[in-house]
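Residue numbers (our numbering), protein chains in the order written: chain A, 9 to 104; chain B, 62 to 709.
Simulated from the structure, these hints should not be mistaken for lab results.
Since the model is a prediction, treat every value here as computed from it, not as a measurement.
Fair warning: there could be bad hints in the mix.
[Claimed, not checked] A short list of chain B residues far from chain A (calculated; beta carbon distances all over 12 Å):
1) 204
2) 286
3) 392
4) 610
5) 663
[To be verified] So the derived label-pair ranges between C-beta atoms look like this:
6) B:80 to A:24: 45 to 51 Å
7) A:18 to B:89: 30 to 36 Å
8) B:500 to A:80: 32 to 38 Å
Virtual Cβ for every residue (Gly too), placed ideally from N, Cα, C.
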Amino acid sequence: MKEDSKGIALALATIMISALLLGLISVWLNIERVDKAYDLRRMEKKLNEQEALESKLEVEKNNLISPIRLRELAKKYGFGPASQGQIRRDRGDLKK
Amino acid sequence: MAKRKKESLKSSRNKLLFVMVLFALVWTALLGRAAWLQLYKGADLSRLALRQHLAAELERGERGNIFDRNGNMLATSVDASSLYIRPVKVTDVSGTVAKLSKILGISKAKLRKKLSRKSNFIWIKRQLDDRTARKIKKADLPGVYLTTEFVRLYPNNHLAGQLLGFAGIDGKGLEGLEKEFNGRLAGRKAQFVVQRDASGRRLYLDELGREMDIRGKDVHLTIDSHLQSVTENALVDSIKKYNAKWGTAVVVEVATGDILALANCPRFNPNIFRTSSPKTWRNRAAIDVVEPGSTMKPFLIAAALKHGVITPEKLIDCEGGRWNLNGKYIKDTHKYGWLPAHKVLRYSSNIGVAKIGLELGVQNYHKFLTDIGFGSKTGLPLPGDRVGSIRPAAQWNEIDLAAGAFGQGVGVTALQMAKAYLCIANKGVAKPLRLVQLPRSEEDEAPKRIFSTEVAEKVLSMMREVVQEDGTGTRVRISGTTVAGKTGTAQKAEKGGYGNQYMASFIGMVPGYNPEYIVFVMVDSPQPNHYGGVVAAPVVKTVMTETLAYYGKLPEKQNSAPVMSASLTPSSEMPKKAVRANSAQTSVSSETVPNVKGMPIRRAVEIMVKRGFVPKLKGQGMTIIKQVPEAGEKWPEDENAEIVLWLS
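Looking at chain A on its own, in the form it has when it is part of the complex (with noise of 0.2 Å):
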């Protein structure tokens, strides 16, 4: 008899612990959670800004390749379209 209070005390000592430890571990995570939500939320401007910056850098790439740009710069250096007699050609360098 004194043996099965013994038993039962035990284990209800076990489970109270185990709630408790459980608890501690919800609200553990749920700080975790919180936490991360706001490093995800910082992640995540900073991407969105780099990302615009690639935008921008692409549209400005965009700009310095565009062909008036190119037809300028090429009258600036003296260089100009490939005119008869200034193609040199290999073999299969005909562009289809």
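Mind docking chain B on chain A? Use the hints.
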């Protein structure tokens, strides 16, 4: 003693009972309250809590990009900050106005007026540049906020402006391809719920449907930005040189039907479209219906060949340059007599084609025109793509038919012309033009044979004569290759008839035997010269030369001048005039035809041309083996008489 002890015990029990009751009451009250909150008010409170912790967020997707055939970016969207204010939250009105005025360059009065409005949200300036946005952020003004929007940018500025069109400040396509493909390009909206903390910061604790793809889809064109630039520049030069009102040009790759360039002039910059007149936004190649003039003649010839009405050698009386048809005079620029059909096209005789047209008949010509694509849309995804103006056959009288034969009284667009010439270049098989690689068109027009390969070859041969021999298109010759073409100089209709304004045009195909590229150019109201062979032809030549160079197909220059133009000035617009001018100075004074047998081709042709005759060459060799008229015969009196030289 025992009595006191008993009383004390009783008092303790009472106190204990009191405490117990008190506790019981408190617990009951607490449980009651809890039950009240949970069971009775629970749903409402839960809703209130959600409203406090959750926030609805609206996200707009970025607009898709437009690329050329090589993946060069033609239109894109980037983030830009837009400035708005909440007047109720502005603490120092005059200070805010002064600072904003200095940063934005907006007048203080205008800003003050905006700030005085009783509104909770007022746009001050949208789509600021990054530098200005940084200054605003640095100023840190209460009640002044920045939000992010997408701004549409065209990195090549005015390149293909009319084709691309533009999108408005709210990212909606308003003109051109931006409008036509707005459904595909436009970014979609995503509305989702996010959690927020006590200070209102959004926390993305789970996906909540936020991962959906809301970015607009890209569009890939068949346009090549380099060739587009070449075409635009050549067109602009011609417009400037000849003080023209506007011009348009189309470059087509024959094998695929791809439009490599579609230029309009004057140009406009879609980045700052508001600074240009809406007139310049027109994609005239698709929208403007014009009377094409002589560039229509090859279709009449093709129809006549198809129905067996003519052969290239059939002689047509060109009436000495003036012909009365039912009381109306049809004129040629030169006084031609009898001309074979191929020379009717070469010299662009209006009377000649009018007569062929009358023989062909309205029904046949009308059907041919509609079969080849006139009178119906090109099927290209361009806003305002027009059907042109080809009246029903029943409404045509003889004068209409004669005029229609040389491209007057019919209305077409530049793109319809390009599509129709694609059929000739494709040896009689009509196929659709293509402007967009992606998305692929779902209803692709199936290739359809309109006329035979033989007919196409004959028309091409005549068009080669226009350029390679003494036709009206000699300015388009490219040494080392052949070019087929046709000039057009159409009188423009004004109120009360035709005036003295012209539409100059030129269609060119290179190489002339198996065309790979088609270039069509139209220039409106050029002055002082208005001939298609002078105004539009050089544009075609420039575009052709640079296109061939770009694809590495530009041939080496041949040392010898083109055979049939040995003694002609290369710049002669009206070759017959040139021939006559030369004949006046001829040293060939003999009354009889000399013996040219055994002579090199160049020398023999020079002799003939100096006497005022352009011989017809047969065979492929370099020396003459036979001649008609024979040596010793008198020179023909008719200057249009045919002289034939056979080559070894």
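Hints, verified against the model:
1. Residue placement check: residue 204 of chain B keeps its beta carbon more than 12 Å from all beta carbons of chain A (closest about 23 Å).
2. The claim that residue 286 of chain B is not at the interface with chain A is violated, since a C-beta of that chain comes within 12 Å of its own (minimum 6 Å).
3. The beta carbon of residue 392 of chain B is kept farther than 12 Å from every beta carbon of chain A, the shortest such distance being approximately 39 Å.
4. For residue 610 of chain B, the non-interface assignment is contradicted: its Cβ lies about 4 Å from the closest Cβ of chain A, within the 12 Å cut-off.
5. With 12 Å as the threshold on Cβ separation, the claim that residue 663 of chain B sits away from chain A holds: the shortest Cβ distance comes to roughly 21 Å.
6. Checking the proposed 45 to 51 Å range against residue 80 of chain B and residue 24 of chain A shows it is violated: the Cβ atoms sit about 27 Å from each other.
7. In this structure the supplied range 30 to 36 Å holds for residue 18 of chain A paired with residue 89 of chain B, their Cβ-Cβ distance being about 34 Å.
8. The beta-carbon spacing between residue 500 of chain B and residue 80 of chain A, approximately 35 Å, falls within the hinted interval of 32 to 38 Å.
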